[in-house]
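Chains A and B, in that order, give the protein sequences. In case it helps, the numbering used here puts the first sequence at residues 1 to 231. In case it helps, the numbering used here puts the second sequence at residues 1001 to 1231.
Simulated from the structure, these hints should not be mistaken for laboratory data. Even for Gly, the Cβ is constructed at its ideal location relative to N, Cα and C. Warning: the hint list may mix true and false statements.
[Unchecked claim] Here chain A is said to cover these stretches of chain B; the calculated rule only asks that three of the stretch's residues, wherever they fall, bring their Cβ under 8 Å from a Cβ of chain A:
#1 1057–1071
#2 1138–1152
#3 1188–1195
#4 1219–1229
[Said to hold, decoys possible] Subject to a maximum C-alpha distance of 20 Å in a straight line, what follows is the list of computed PhoX-like cross-link-like pairs (lysine-lysine):
#5 K1070/B to K60/A
#6 K1006/B to K1060/B
#7 K6/A to K166/A
#8 K1070/B to K6/A
[To be verified] Distance windows between CB atoms, simulated:
#9 D1067/B to E145/A: 42 to 50 Å
#10 G203/A to L1186/B: 51 to 59 Å
#11 K70/A to K1027/B: 39 to 47 Å
#12 D200/A to N1189/B: 31 to 39 Å
2 protein chains.
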Amino acid sequence: MDHEKKAVVLSSGGIDSTTVMFIAMQKKFAVYSLSFNYGQRHLCELKAAEKIAKSIDVKKHLVLDIDLRKIGGSALTDSISMPEAKENSGIKSNNIPATYVPARNTIFLSFALAWAEVIESSNIFIGVTAIDYSGYPDCRPEYIESFERMANLATKAGVEGKTKIKINTPLIRMTKAQIIKKGLTLGVNYSLTHSCYNPDVSGLACGRCESCFYRKKGFQEAGVVDPTKYA
Amino acid sequence: MDHEKKAVVLSSGGIDSTTVMFIAMQKKFAVYSLSFNYGQRHLCELKAAEKIAKSIDVKKHLVLDIDLRKIGGSALTDSISMPEAKENSGIKSNNIPATYVPARNTIFLSFALAWAEVIESSNIFIGVTAIDYSGYPDCRPEYIESFERMANLATKAGVEGKTKIKINTPLIRMTKAQIIKKGLTLGVNYSLTHSCYNPDVSGLACGRCESCFYRKKGFQEAGVVDPTKYA
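So here's chain A without its partners, still in its complex pose (with noise of 0.2 Å):
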């Protein structure tokens, strides 16, 4: 048995995500990086992701193959057309965009339940927040405490009684600006980070879908200079 500290990071190579590896490596965590190739267009956050792994000490980066593209349903797997940004998109006009995977968040930390058993962690990090975000139902406080208790009734620590599940979700309760000051001050370098549904072939941000509206909007609110290069 490994006695170090461990946990699963779910990252996409964006903001959010690489904040969230910071945040659990200054709590003395063991990174174990998990990223997925669901089908999405924007194949550019794998490769922000991988970068962003080797740029820190992460234990291990894993990237898992799960084709969204069969199932179908979302403008970031499908061919549908990609929504720009609305200031009042998402939740709050009762407006899903479809932008929205169905049940991604669900897949995503299924896996990362898979592995946080297999390496002996109790820590699963997801860097959802439910302020500067597009509405999406699995980004809400309620779903992640509802899967946490799911998690510890689906894997041996629960029936063992030994580990808890925990799902640690630090950015939930802050805006983008606030996630980029937090995470200037642990060290994180945004540049290599990728937040675009739909960018171009050279890799350049399109400026205007939802991901790259909260991103600029974070900068400009942090009042920091905005690394992305847009096309």
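Chain A is already provided as a structure; the job is to place chain B on it using the hints.
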């Protein structure tokens, strides 16, 4: 909007999931069967699942590739040696067997949830049973109830308060013998099903693993001729 009653049915090609599929059809659901190529040693189960889907009128049969070998931790996917069945295997002896695949049902149900959301189905069927089983934590009723609560917070349906997702487990309180008897009344052809975790190269069942153990016991207790070819 399609008003046909649809159900996603997890199909492993075994006795339980095949019986569940027939139960769903009897309840007049249009069946969308879902199987996983997860790096299991016993790929015969995928062929069985496909044959079963073809033999009845399923709407669609989907096989998703998810490489759980990259995560490891189970005799079903790794080169861990396959345990033989013991009368006291499983949860009753506080001993989860080596064939347990970490978080497998959580992963499978998460994909089923995604598909259900896309096809606008609010019913998922899974053939878990908490009677003649191997003691996997993710087969217990309290786990399933917890997954269902989580699923309703994870999805559009949950946010919009439209349809509720229901995880149907019609076999959960049934013995293997009861399942087989039920299936026969519904017309299941069990010779198409495959249970063995460790078949030989020609696909013949080993007759010694946990899964063969429960299968044999089921046919015997049901007083039904076992159509399985053992090596």
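Structure-based check of all given hints:
Coverage of the segment 1057–1071 of chain B by chain A holds in this model, with 8 residues showing a Cβ closer than 8 Å to a Cβ of that chain against a need of three. Check result for the segment 1138–1152 of chain B against chain A: holds, 9 residues qualifying (beta carbon to beta carbon below 8 Å, three or more required). Closer than 8 Å: that is the beta-carbon criterion, and the segment 1188–1195 of chain B has 0 residues meeting it against chain A, so the requirement of 3 is violated. With 0 residues having a Cβ less than 8 Å from any Cβ of chain A, the segment 1219–1229 of chain B misses the three-residue criterion, and the hint is violated.
Taking the CA atoms of K1070/B and K60/A, the gap is near 12 Å; set against the 20 Å cutoff, the hint holds. Between K1006/B and K1060/B the alpha-carbon distance is near 11 Å, which keeps this suggested pair within the 20 Å criterion. With a CA separation close to 12 Å, the supplied pair K6/A and K166/A stays within the 20 Å bound. Taking the CA atoms of K1070/B and K6/A, the gap is near 18 Å; set against the 20 Å cutoff, the hint holds.
Restraint check, D1067/B to E145/A: a C-beta distance of roughly 30 Å breaks the suggested window 42 to 50 Å. Separated by about 54 Å at the C-beta atoms, G203/A and L1186/B satisfy the suggested range of 51 to 59 Å. One distance hint, 39 to 47 Å for the beta-carbon pair K70/A and K1027/B, is violated here, with the actual separation near 26 Å. As the Cβ distance of D200/A to N1189/B is approximately 54 Å, the hint placing it in 31 to 39 Å is violated.
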